[in-house]
Amino acid sequence: MKLIGIGVGPGDPELLTLAALRALREADAVYVPVLASDEQGRAEAVVRAHLGADERVRRLVFALADPVDGPQERRRRHWDAAAEEVAGRLRERGGTAVFATLGDPAVYSTFSYLASTVRELVPEVEVTTVPGITAMQATAAQAGVALTEGAEPLTVIPAMRDVAALREALRARGTVVAYKGGRRLGELRSVIAESGASDRAIYAEHLGTPDARVLPLSEVDDDGAPYLSTVVVLPPRRGRGEQW
Numbered sequence: 001m002k003l004i005g006i007g008v009g010p011g012d013p014e015l016l017t018l019a020a021l022r023a024l025r026e027a028d029a030v031y032v033p034v035l036a037s038d039e040q041g042r043a044e045a046v047v048r049a050h051l052g053a054d055e056r057v058r059r060l061v062f063a064l065a066d067p068v069d070g071p072q073e074r075r076r077r078h079w080d081a082a083a084e085e086v087a088g089r090l091r092e093r094g095g096t097a098v099f100a101t102l103g104d105p106a107v108y109s110t111f112s113y114l115a116s117t118v119r120e121l122v123p124e125v126e127v128t129t130v131p132g133i134t135a136m137q138a139t140a141a142q143a144g145v146a147l148t149e150g151a152e153p154l155t156v157i158p159a160m161r162d163v164a165a166l167r168e169a170l171r172a173r174g175t176v177v178a179y180k181g182g183r184r185l186g187e188l189r190s191v192i193a194e195s196g197a198s199d200r201a202i203y204a205e206h207l208g209t210p211d212a213r214v215l216p217l218s219e220v221d222d223d224g225a226p227y228l229s230t231v232v233v234l235p236p237r238r239g240r241g242e243q244w
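For the sequence shown, the numbering used here begins at 1 and goes up steadily by one.
Among these hints, one or two may not hold up.
What the hints assert, rightly or not - Label pairs and their calculated CB-CB ranges:
{"#": "1", "residue 1": "52", "residue 2": "76", "range": "32 to 42 Å"}
{"#": "2", "residue 1": "39", "residue 2": "2", "range": "46 to 56 Å"}
{"#": "3", "residue 1": "239", "residue 2": "40", "range": "16 to 26 Å"}
{"#": "4", "residue 1": "80", "residue 2": "240", "range": "50 to 60 Å"}
{"#": "5", "residue 1": "40", "residue 2": "124", "range": "27 to 37 Å"}
{"#": "6", "residue 1": "190", "residue 2": "80", "range": "13 to 23 Å"}
Claimed, not checked - Below, computed lysine to aspartate or glutamate pairings styled on EDC-like, alpha-carbon distance capped at 20 Å:
{"#": "7", "residue 1": "180", "residue 2": "26"}
{"#": "8", "residue 1": "2", "residue 2": "126"}
{"#": "9", "residue 1": "2", "residue 2": "26"}
{"#": "10", "residue 1": "180", "residue 2": "222"}
{"#": "11", "residue 1": "2", "residue 2": "28"}
Honestly, the hints are just simulated from the structure, not real lab data. For glycine and all other residues, C-beta sits at the position ideal for the given N, C-alpha and C.
Given these sequences and hints, build the entire structure.
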């Protein structure tokens, strides 16, 4: 029996890899994360674009919008319930279960929590992943910029709890990516401005959907930014081949 975490990319069905598509088509069960059982999530939208109304697709409810700096009981209950459902299916029928996650399953993904608990419940399960295109890659592509050049380092931080890590990362001479900072966008803008990088900051939201926006951070209002927003701050670049 197998559990495969599949990265479906930032939200555009055309950015699903061939390996991920093959795994989806060959799976015995396909699970997608949602906020509520009666609502389609972005990962499911990508999956449905390729599988249509396939009855193998099943929703797993997670507290995806709950703040990670508050009580975690509800999030843990959902993790446990989802793992129990997947593990029960594997124990009963065997075969291959697939979990579709936005972006890449190795980058801030719910799949890591699911896989850890399923392993505890079904020790004999084989867990693998299929990588996916990340939001930072999609942001750079749509903005028409290089994410990194030369010897520039790349720092990726989660910004849902505070902006301290962002302030520290901006002191280095590399590219900084802030994920999941929609609720703290005002703070992010202030820290980026303090570092003198406002003119090198790019904002992205709803990537891969009709509502996608990729624009300079300076043009974005502080209010109403979605949780799954991305901010890319590029380093100063002096010219071709002269990067830090």
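So, going through the hints one by one against the coordinates:
1. The given range of 32 to 42 Å is respected by residue 52 and residue 76, whose C-beta atoms sit roughly 34 Å from each other.
2. At about 28 Å, the beta-carbon gap between residue 39 and residue 2 misses the expected band of 46 to 56 Å.
3. Hint check: residue 239 to residue 40, Cβ distance near 47 Å, so the stated range 16 to 26 Å is violated.
4. One distance hint, 50 to 60 Å for the beta-carbon pair residue 80 and residue 240, holds here, with the actual separation near 53 Å.
5. Taken as a hint, the range 27 to 37 Å holds for the pair residue 40 and residue 124, whose Cβ atoms sit roughly 33 Å apart.
6. Against the hinted window of 13 to 23 Å, the Cβ-Cβ separation of residue 190 and residue 80 comes to about 38 Å, which falls outside the hint.
7. Using a Cα cut-off of 20 Å, the hinted pair residue 180 and residue 26 is violated, with the two alpha carbons roughly 32 Å apart.
8. For the given pair, residue 2 sits about 5 Å from residue 126 by alpha-carbon distance, which is consistent with the 20 Å threshold.
9. Distance restraint check for residue 2 and residue 26: the Cα-Cα separation of roughly 12 Å lies within the 20 Å cut-off, and the hinted pair is therefore satisfied.
10. As the CA atoms of residue 180 and residue 222 are separated by approximately 14 Å, the hinted pair is consistent with the 20 Å bound.
11. As the CA atoms of residue 2 and residue 28 are separated by approximately 10 Å, the hinted pair is consistent with the 20 Å bound.
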